[in-house]
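S.K.: Sequence:
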Amino acid sequence: MKDVVESICVRHIAFSLDHRRFSPRLIRLHLSGNPDRNRLTRHEVNLWYKKIIVDWMDVKRLVEVWVFAYDSLAFHDTRNIDKTVEVRREKLKPDPQNNSFPWGVLNN
Numbered sequence: 003m004k005d006v007v008e009s010i011c012v013r014h015i016a017f018s019l020d021h022r023r024f025s026p027r028l029i030r031l032h033l034s035g036n037p038d039r040n041r042l043t044r045h046e047v048n049l050w051y052k053k054i055i056v057d058w059m060d061v062k063r064l065v066e067v068w069v070f071a072y073d074s075l076a077f078h079d080t081r082n083i084d085k086t087v088e089v090r091r092e093k094l095k096p097d098p099q100n101n102s103f104p105w106g107v108l109n110n
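Going left to right, the sequence shown walks through residues 3 to 110 as this note's numbering numbers them.
Check before you lean on any hint, since a few could be wrong.
Unchecked claim - Simulated restraints on C-beta separations:
1) Arg-41 to Asp-73: 31 to 41 Å
2) Asn-36 to Lys-95: 16 to 26 Å
3) Ser-25 to Asn-82: 15 to 25 Å
4) Arg-41 to Glu-88: 21 to 31 Å
5) Val-87 to Arg-44: 19 to 29 Å
6) Arg-27 to Lys-4: 20 to 30 Å
Unchecked claim - Capping the alpha-carbon separation at 27 Å, the derived lysine-lysine pairs in DSSO-like fashion look like this:
7) Lys-52 to Lys-95
8) Lys-4 to Lys-52
9) Lys-62 to Lys-4
10) Lys-93 to Lys-52
Hints are computed from structural coordinates only; laboratory data are not their basis.
Backbone N, C-alpha and C fix where the C-beta goes; we use that ideal spot for every residue, glycine too.
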């Protein structure tokens with residue numbers, strides 16, 4: 003998928019990915035190789051989304067990535083001027099009247 007995004011010169015991408023659709027064991031294996039089946043901590047969930055976004059930001063043309071977890075929870079990143087990546091956890095208030103990317107983040 004990253005190859006497609008890079009080939010069509012996409013600069014912003016948003017998608018939904020709910021961690022609750024995956025077992026805690028699978029998420030932990032993706033994070034650290036630990037096969038523990040216990041319930042995920044909030045910290046582990048945040049790390050998992052951060053890892054996904056940082057992996058996507060390997061696509062050099064991307065400047066913004068949003069991953070919508072569930073309800074109004076999202077994880078967001080924009081590439082800084084110094085090329086660093088900083089992932090933020092966002093609580094959003096959906097506005098069905100606004101159809102910009104996503105919900106008023108972009109004004110044009």
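S.K.: Give a verdict on every hint.
M.R.: Now for the hints, and whether the structure bears them out:
1. Arg-41 to Asp-73: 31 to 41 Å: At 19 Å between Cβs, range violated.
2. Asn-36 to Lys-95: 16 to 26 Å: Once the Cβ atoms are compared, 35 Å apart, the range 16 to 26 Å for Lys-95 and Asn-36 is violated.
3. Ser-25 to Asn-82: 15 to 25 Å: Given a distance of about 34 Å, which is not inside 15 to 25 Å, the answer is violated.
4. Arg-41 to Glu-88: 21 to 31 Å: 27 Å, holds
5. Val-87 to Arg-44: 19 to 29 Å: 21 Å, holds
6. Arg-27 to Lys-4: 20 to 30 Å: 25 Å, holds
7. Lys-52 to Lys-95: 21 Å, holds
8. Lys-4 to Lys-52: Status holds; Cα separation ~16 Å.
9. Lys-62 to Lys-4: Status holds; Cα separation ~10 Å.
10. Lys-93 to Lys-52: Answer holds: Lys-93 to Lys-52 is near 15 Å, not above 27 Å.
Against the hints set out earlier in the document, violations occur for numbers 1, 2, 3.
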